[in-house]
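Since each chain comes alone in its own frame, lean on the hints to assemble the complex.
In order, the protein sequences belong to chains L and C.
Here our numbering is used: the first residue of the first sequence is 1, the next is one more, and so on.
Here our numbering is used: the first residue of the second sequence is 1, the next is one more, and so on.
Everything labelled a hint here was simulated from the structure, so no lab data went into it.
Misleading hints may appear alongside valid ones.
Only some residues are given here: those of chain C computed to face chain L with a beta carbon under 10 Å [stated by the list, open to error]:
{"#": "1", "residue": "Cys42"}
{"#": "2", "residue": "Asp59"}
{"#": "3", "residue": "Asn92"}
{"#": "4", "residue": "Glu107"}
{"#": "5", "residue": "Leu109"}
{"#": "6", "residue": "Thr125"}
{"#": "7", "residue": "Asp126"}
{"#": "8", "residue": "Phe127"}
{"#": "9", "residue": "Val146"}
{"#": "10", "residue": "Arg148"}
{"#": "11", "residue": "Asp157"}
{"#": "12", "residue": "Ala160"}
Residues from chain L that keep clear of chain C, each with C-beta distances beyond 10 Å, as calculated [as the list claims (entries may be wrong)]:
{"#": "13", "residue": "Glu39"}
{"#": "14", "residue": "Arg62"}
{"#": "15", "residue": "Thr76"}
{"#": "16", "residue": "Thr78"}
{"#": "17", "residue": "Gly94"}
{"#": "18", "residue": "Phe121"}
{"#": "19", "residue": "Thr126"}
{"#": "20", "residue": "Phe155"}
{"#": "21", "residue": "Thr166"}
{"#": "22", "residue": "Pro167"}
{"#": "23", "residue": "Gln192"}
{"#": "24", "residue": "Thr194"}
{"#": "25", "residue": "Ala219"}
{"#": "26", "residue": "Lys324"}
{"#": "27", "residue": "Ile326"}
All C-beta atoms, glycine included, are put in the ideal place defined by N, C-alpha and C.
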Amino acid sequence: MSPSKTVAPGRLLAQVAGERQTGALVVRGHPGGAVYVLEGRVIYAESPAAPGVGELLTASGRLAGRTWQNALDRGTATARVGRMLVEHGHLTQGELELCVLGATYDAAYFALAPQDAPADFLGGATHWLGPVVHIDPAAVTREVRRRAKMLDDIFPDPRVDTEVVTPITRPPRERITLTAPQWELLVHADGQRTPADLAFLLGKAGFATIQELRRLAAAGLLDLPGVRDKAPEFVRLPRSRGTAVDANRPQLRPDNSPTVPVVSGVRPAAPDPPAPTALTEETSANGTVYRPPRLARRKPGAKLPKELAGDAPPHTGTDEVLLKRIRTALRALR
Amino acid sequence: MTPTHSGCDWCPYGRQRMAHGDGHAVEVNPALRSDVPGVDHCLQEAMAIPGAVGASIVDYTTGFPVATTGAAPNDDHEAAAAGTADVVQAANSRSLFVSAIPHDLLEDLIITTAGGYHLLRPVQTDFDSRLVLYVWLDRVLGNLAVARHRMQKLADDLVAT
Numbered sequence: 001m002s003p004s005k006t007v008a009p010g011r012l013l014a015q016v017a018g019e020r021q022t023g024a025l026v027v028r029g030h031p032g033g034a035v036y037v038l039e040g041r042v043i044y045a046e047s048p049a050a051p052g053v054g055e056l057l058t059a060s061g062r063l064a065g066r067t068w069q070n071a072l073d074r075g076t077a078t079a080r081v082g083r084m085l086v087e088h089g090h091l092t093q094g095e096l097e098l099c100v101l102g103a104t105y106d107a108a109y110f111a112l113a114p115q116d117a118p119a120d121f122l123g124g125a126t127h128w129l130g131p132v133v134h135i136d137p138a139a140v141t142r143e144v145r146r147r148a149k150m151l152d153d154i155f156p157d158p159r160v161d162t163e164v165v166t167p168i169t170r171p172p173r174e175r176i177t178l179t180a181p182q183w184e185l186l187v188h189a190d191g192q193r194t195p196a197d198l199a200f201l202l203g204k205a206g207f208a209t210i211q212e213l214r215r216l217a218a219a220g221l222l223d224l225p226g227v228r229d230k231a232p233e234f235v236r237l238p239r240s241r242g243t244a245v246d247a248n249r250p251q252l253r254p255d256n257s258p259t260v261p262v263v264s265g266v267r268p269a270a271p272d273p274p275a276p277t278a279l280t281e282e283t284s285a286n287g288t289v290y291r292p293p294r295l296a297r298r299k300p301g302a303k304l305p306k307e308l309a310g311d312a313p314p315h316t317g318t319d320e321v322l323l324k325r326i327r328t329a330l331r332a333l334r
Numbered sequence: 001m002t003p004t005h006s007g008c009d010w011c012p013y014g015r016q017r018m019a020h021g022d023g024h025a026v027e028v029n030p031a032l033r034s035d036v037p038g039v040d041h042c043l044q045e046a047m048a049i050p051g052a053v054g055a056s057i058v059d060y061t062t063g064f065p066v067a068t069t070g071a072a073p074n075d076d077h078e079a080a081a082a083g084t085a086d087v088v089q090a091a092n093s094r095s096l097f098v099s100a101i102p103h104d105l106l107e108d109l110i111i112t113t114a115g116g117y118h119l120l121r122p123v124q125t126d127f128d129s130r131l132v133l134y135v136w137l138d139r140v141l142g143n144l145a146v147a148r149h150r151m152q153k154l155a156d157d158l159v160a161t
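Isolated chain C, as found in the complex (with noise of 0.2 Å):
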C-alpha cells in the first residue's frame, strides 16, 4: 500500500496532507474505494451498530432528511428530521448547556422514550453546513454506549481526510 497518494501532481499540500499526525497513512488504493465511507456507507454503518432500527443524516437548518435508511418514527423520515431539527436548534439555540466551557460544543444529544433511545450527533464538516446524523435504537436491543461510541466514530470518518 503506498503511504502516499502518489497520484496526485498537482495538489499544493504536497505528499504531507495524507499523514495523520500519529504518522500512519491512509490508503488511497482505487480498488478499496468501497471503504472509503460515504453517505450511503456511512448510515449502512449505522445501522450494524446493535439495535439500530434506522438512521438518517439531517439538516438541522431546514429540518430536511439529506439521507435516511431503516425506520423511522411513525414511519415518516421527514417527520422525524423535523423534529430532530426543533430538538437541535434548541439545545444549540439556549447557549445554557454548551456555554460552560469557552468553545464547548454540543457534542451529541439523546433521547430516551419507554421503546427506544434516538440519538443525535452534530457532523462537523469544515465547509458551511448544519448537519446531524440520527440513529434509533431499541432499547432492549440496544446499548447506549456502545452505539455513542460508534456514532462519534462514524460522524468523524465521514468528514475526516
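So that you can see chain L by itself, here it is in the shape it has in the complex (with noise of 0.2 Å):
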C-alpha cells in the first residue's frame, strides 16, 4: 500500500489499469468513493453519495431487505454476493449486470470527478460482490468526465451537488412544468436533506439525482445559499415609518392652521376650516407655512368652487361626509 498522496485520481486509475493490477482505488476527500479493478478492468465502485447495488435492489423493493442481508451474510466471505442472487433465482443475470454497470458508472463519476484528491491504491483488495461485469477503465474515465460537463451545460453551480435541498416557496412564474423524478425529490426534500440523502431515500442513481437538482436550480426552483443574497428583492417591504417624513419639513407650531390634507375636522388644536366662501382663497389662507406636496383635498363638508358646484346642497354637518367615507372605507375592508 504506497502512502496517500493528492493526484488526479482518473490518471491513477489509468496508471494501475495499464499495469493490469488488482485491488480498490480509494479516493478520500468528500464526497470520495472506491473504484475496485480486477486484472486492469474495473469491476465496481462505491461512493457514499451513490446508492449501491443493495441499496438500489431493496429501496425499490425489487429484493426484501432479508433477502439481501441473507445474500450478504453468505457470500461475503468468499465474493460470491452477486453471482448467489443469480443462481437462485432472485435477479437474472440481465438484471444484476444492468443493476451493476449503473452503479459503477454512477459511483465513479463521485469519485473520479475530482481533479485532485487524496487517493491510495490497494493492491489485493477485491469487493465482496464478486466480478459481474468487467469495464474498459478508459471508459469510465470519459463517462466521469461527459458527465461532469454535462452538469455543467445544465447549470454550473458544484453547490447543488452537496448542499442540502431547499425548494424555494414561491415559484418565480406562474407556470411551472416538472418532470417525474423532480416532482419526488421537492416532495421529499425537506429542507434537510442533502442530494445524497434523497438518492438514497429514493433509491436513485445519485448521480441521475444531482442532475435533476442542477435543473431545477436552472429553473430558480431551488434555494441555494450564496445565490440567495444576490437575488433581487421580490417582496418589497414596507417602508418604516419614522422615516417617511421629510426631514426638512418646518415646525408645526399650534397657533398655525392645519397644513394641508386634513382628514379629521375635529382636531381640537386647529382652528375652525375656513368658511365654504372662503375655499377659492384657502392657498393663501393656510397656504404659507407647508407649500410643497398640496394635494386638491377637500376639507371635510367643503362646498365645491362656485364655478363647478351648481346650486349646492345645504350645508349638513361637518362630519358627515367623513363618516360616509370611514364607512365606506371599512366596508371596503371586510
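If you want it as C-alpha cells, here you go:
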C-alpha cells in the first residue's frame, strides 16, 4: 500500500489499469469513493453519494431486505454475493449486470470527478459483490468527464450537488413544468436532506439525482445559500414610518392652521375650517407654511368652488361626509 | 430438470417464486447458465434479428451506451447513444404521446430513414434505471414486424424472473 497522495484519481486509475493490477482505488475527500479493479478492468465502484447495488435493489422493493442481507451474510466471505443472488433465482443475470453497471458508473463519477484528491491504491483488495461486469477503465474516465461537462451545461454551480436541498417557497413564474423525478425530489426535500440523502431515500442513482437538482436550480426552483443573498428583492417591505417624513419640513406650531390634507375635522387644537365661501382663497389662507406637497383635497364639509358646483346642497354638518367615507372604507375592508 | 430452485434454502419467497403464472418452471440448472440472458447475450440475440447492423443498451438520462455491439451510425456508439437519449426524453417528457390512456407507457420508438430502421424499446427494470434497447436494422434486409416482436421478447427476458 502506497502512502496517501493528492493526485488526479483518473490518472491513478489509468496507471493501475495499465499495469493490469488488482485492487481498490480509494479516493478520500468529499464525497470520495472507491473503484475496484480486477486485472486492470473496473468491476465495481462505490461512493457515499451513490446508492450501491444493495440500496438500489432493496429501496425499489426488487429484493426484500432479508434476501439481500442473507446474500451478504453468505456470500461476502467468498466474494460471491452477486452470483448467489442469480443462482438462487432472486435476480436474472441481466438485471444484476444492468444494476451493477449503473451503480458502478454512478459511483465512479463521484470518486473520479475531483481533479485532485488524496487517493490510495490498495493492491489485492477485492469487493464482496464479486466480478459481475468488466469495464474498460478508459471508458469509465471518459464517461466521468462527459458527465461533469453535462452537469455544467445544465447549471454551472457545483454547490447544488452537495448542499442541503431547499425548494423555494414561491415559484418565480406563473407556470412551471416538472418531470416525475423532479416532483419526487421536491416532495421529499425537507430542507435538511442533502442530494445524497435523497438519492438513498428514493433509491435513485446519485448522478441522476444531482442532474435533476441542477435542472431545478437552473429553473430557479431551489434556494441556494449564496445565491439567495444576490437574488433581487421580490417582496417590497413596507417602509418604516419614522423615516417617511421630510426632515426639512417646517416646524408645526400650534397656532398654525392645519397644513394641507385635513382628514379629521375635529382636531381640537386646529382652528375652525375656513368658511365655504373662502375656499377658493384657501391657498393664501393656510398655504403659507407648507407648500410643496399640496394635494387638491377638499376639507370635510367643504363645497365645490362656485364655478364647478351648481346649486350646492345645504351644509349638513362637518362630520357627515367624513363618516360616510369611513363607512365606505370599512365596508371595503370587510 | 428440477422445477424449483432447490438450492436455495434461505430465500423468503420460498419455492413458488420460481414458478411462472402458467405453472411452468424456470430452469435453474447451473449447467445451463449460459442460456440465462445477460446483457451480452441479449445483444448477441439482438444481432441475430434479421437485418440487424448494430445494437446497444443506452441509459437515456445520461445518454451513455451501457453495452454495445456491432456498428453504430457514423461508427460512433457514444454519439448514437446521446441522440437516442434525446429522442426518448422528447417522447417521454411530452406527455402527449403517452397519456391517451391512464398508465399508458412508451412501448417503442421507430425511426425510419432511407437506409435503415432504428428501433428503441425501453427496458423496464424494477430498480431505478432508465434504459432502452436500441437496434439498428438494414432497410432492405430488416423486417420491422419481426424486429419489434423479437425486441419485445429480448427486453422482457433481460429482466424477467
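Verification of the hints:
Nearest Cβ of chain L to the Cβ of Cys42(C): about 6 Å, under the 10 Å cut. The hint holds. For Asp59(C), the interface hint holds, the least distance from its beta-carbon to any beta-carbon of chain L being 7 Å, beneath 10 Å. The restraint placing Asn92(C) at the interface with chain L holds, with a minimum CB-CB distance near 8 Å, inside the 10 Å limit. Taking 10 Å as the C-beta cut-off, the interface hint given for Glu107(C) is violated, the closest approach to chain L being about 18 Å.
Because the smallest distance between the Cβ of Leu109(C) and any Cβ of chain L comes to about 18 Å, over 10 Å, the interface hint for this residue is violated. Given hint, Thr125(C) at the interface with chain L, holds; its Cβ is 6 Å from that chain's nearest Cβ, closer than 10 Å. For Asp126(C), the shortest C-beta to C-beta distance to chain L is roughly 4 Å, which falls under 10 Å, so the interface hint holds. Annotation: Phe127(C) was flagged as interfacial toward chain L, and the flag holds, the nearest CB pair being 4 Å apart, inside 10 Å.
Annotation: interface hint on Val146(C) violated; nearest CB of chain L at approximately 22 Å, more than 10 Å. Interface hint at Arg148(C): violated, since its Cβ lies 19 Å from the closest Cβ of chain L, which is beyond the 10 Å cut-off. Interface hint status for Asp157(C): upheld, as the beta-carbon distance to the closest one in chain L is roughly 7 Å, under 10 Å. Using the Cβ-Cβ criterion of 10 Å, the hint placing Ala160(C) at the interface with chain L is satisfied: the shortest such distance is roughly 7 Å.
Annotated as non-interface, Glu39(L) keeps its C-beta farther than 10 Å from every C-beta of chain C; the closest such distance is 18 Å. The claim that Arg62(L) is not at the interface with chain C is violated, since a C-beta of that chain comes within 10 Å of its own (minimum 4 Å). Listed as outside the interface, Thr76(L) is consistent with that label: its C-beta sits roughly 14 Å from the nearest C-beta of chain C, beyond the 10 Å cut-off. The beta carbon of Thr78(L) sits about 15 Å from the closest Cβ of chain C, which is more than 10 Å, so the claim that it is off the interface holds.
A cut-off of 10 Å between C-beta atoms contradicts the statement that Gly94(L) is not in contact with chain C; the least separation is 4 Å. Chain C leaves Phe121(L) outside its interface by the beta-carbon criterion, the shortest separation being 26 Å against a cut-off of 10 Å. For Thr126(L), the condition that its CB be more than 10 Å from all CB atoms of chain C holds, with the nearest at approximately 21 Å. Every CB of chain C lies more than 10 Å from the CB of Phe155(L), the least distance being 16 Å, so the non-interface label holds.
Once the 10 Å rule is applied to beta carbons, Thr166(L) is consistent with being away from chain C; the minimum gap is 24 Å. Every CB of chain C is more than 10 Å from the CB of Pro167(L) (nearest about 20 Å), matching its label as outside the interface. A cut-off of 10 Å between C-beta atoms confirms that Gln192(L) is not in contact with chain C; the least separation is 22 Å. Every CB of chain C lies more than 10 Å from the CB of Thr194(L), the least distance being 18 Å, so the non-interface label holds.
Even its closest Cβ contact with chain C, about 14 Å, leaves Ala219(L) beyond 10 Å, as expected for a residue assigned away from the interface. Taking the minimum C-beta to C-beta distance to chain C, about 57 Å, the non-interface status of Lys324(L) holds against the 10 Å cut. Under the 10 Å C-beta cut-off, the non-interface status given to Ile326(L) relative to chain C holds; the minimum distance is some 55 Å.
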